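Asker: Going line by line, the protein sequences match chains A and B.
The first sequence runs 1 to 117 under this note's numbering.
The second sequence runs 1 to 114 under this note's numbering.
Honestly, the hints are just simulated from the structure, not real lab data.
As the structure is a computational prediction, the values presented were derived from the model and not from experiment.
One thing to keep in mind: the hints can contain errors.
Derived CB-CB ranges, DEER-like [to be verified]:
hint, chain 1, residue 1, chain 2, residue 2, range
1, B, SER28, A, THR117, 21 to 27 Å
2, A, GLU67, B, ILE74, 27 to 33 Å
3, A, LYS41, B, ALA65, 42 to 48 Å
4, A, SER65, B, GLY97, 35 to 41 Å
5, A, THR115, B, SER28, 35 to 41 Å
6, B, PRO21, A, GLU58, 26 to 32 Å
7, A, ASN103, B, ASN8, 42 to 48 Å
8, A, GLY14, B, PRO21, 23 to 29 Å
9, A, GLU67, B, GLU66, 20 to 26 Å
10, B, LEU80, A, GLU52, 37 to 43 Å
Straight line, CA to CA, 16 Å or less: simulated EDC-like cross-link-like pairs of lysine to aspartate or glutamate [as the list claims (entries may be wrong)]:
hint, chain 1, residue 1, chain 2, residue 2
11, B, LYS3, B, ASP31
12, B, LYS101, A, GLU58
13, A, LYS18, A, ASP85
14, B, LYS101, A, GLU44
15, B, LYS3, A, GLU44
16, A, LYS40, A, GLU67
17, A, LYS40, A, ASP85
18, B, LYS69, B, ASP31
19, A, LYS22, A, GLU67
Rough simulated footprint, nothing fancy, chain B against chain A, three-plus residues with beta-carbon under 8 Å [claimed, not checked]:
hint, stretch
20, 42-48
21, 51-60
22, 107-115
Note that beta-carbon positions come from the ideal geometry of N, C-alpha and C, so glycine has one too.
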Amino acid sequence: DTEVTQTPKHLVMGMTNKKSLKCEQHMGHRAMYWYKQKAKKPPELMFVYSYEKLSINESVPSRFSPECPNSSLLNLHLHALQPEDSALYLCASSHILRARAYNSPLHFGNGTRLTVT
Amino acid sequence: DAKTTQPNSMESNEEEPVHLPCNHSTISGTDYIHWYRQLPSQGPEYVIHGLTSNVNNRMASLAIAEDRKSSTLILHRATLRDAAVYYCILRDVSIKGGAQKLVFGQGTRLTINP
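Make the full structure from the sequences, and use the hints.
Answerer: Spelled out as structure tokens, the structure:
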């Protein structure tokens, strides 16, 4: 079992639908991440939040809209997606690093498998 | 982002040691070397990390070359459960707001034969 919980596990949506992916952790982590993973490919970083504020956006299209309503929750709002957006969406969290020498591994959830029809 | 190069795939036998290589010739002096693995149908999980010295933990050992241009993840006695994709990542220490930027490379798919 993972300490980062993602819901739903599977989602099928049409190109005109609006849906949201949810991620929750209770480890006290104040950094949270969204990754996208296509089949047989490595995870690709999408967004990074630090203290509930967006700190990195890797030039992700605006049809993906992240939200961090509090320190335990991370959402990814989806609207007008394309079939090529079908992928496994992974959420992760970690402690904030206060110095270069520190390390805090990322804890990943098992992902939401999204299919866009 | 500094780049890593790993073999696409490797195969080993159960209960034998496995050495997974990683080249990172453009590594900077402040880049930490991280290893994660991804078991089938799961998210990635942290394995080990290091800067200059060799490191051991309950999962594996990390051997880092003296010039830091390469490293090797060592699984001392592989089990079937170790079959996974192993990623070698250089963590960017230019941290924005205290979060980390981990950029995954292609990784090595490790197969363990019974």
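Asker: Honestly, which of those hints from before does the structure not fit?
Answerer: Numbers 1, 2, 3, 4, 7, 8, 9 and 16 - these are the hints that the structure violates, sorted from lowest upward.
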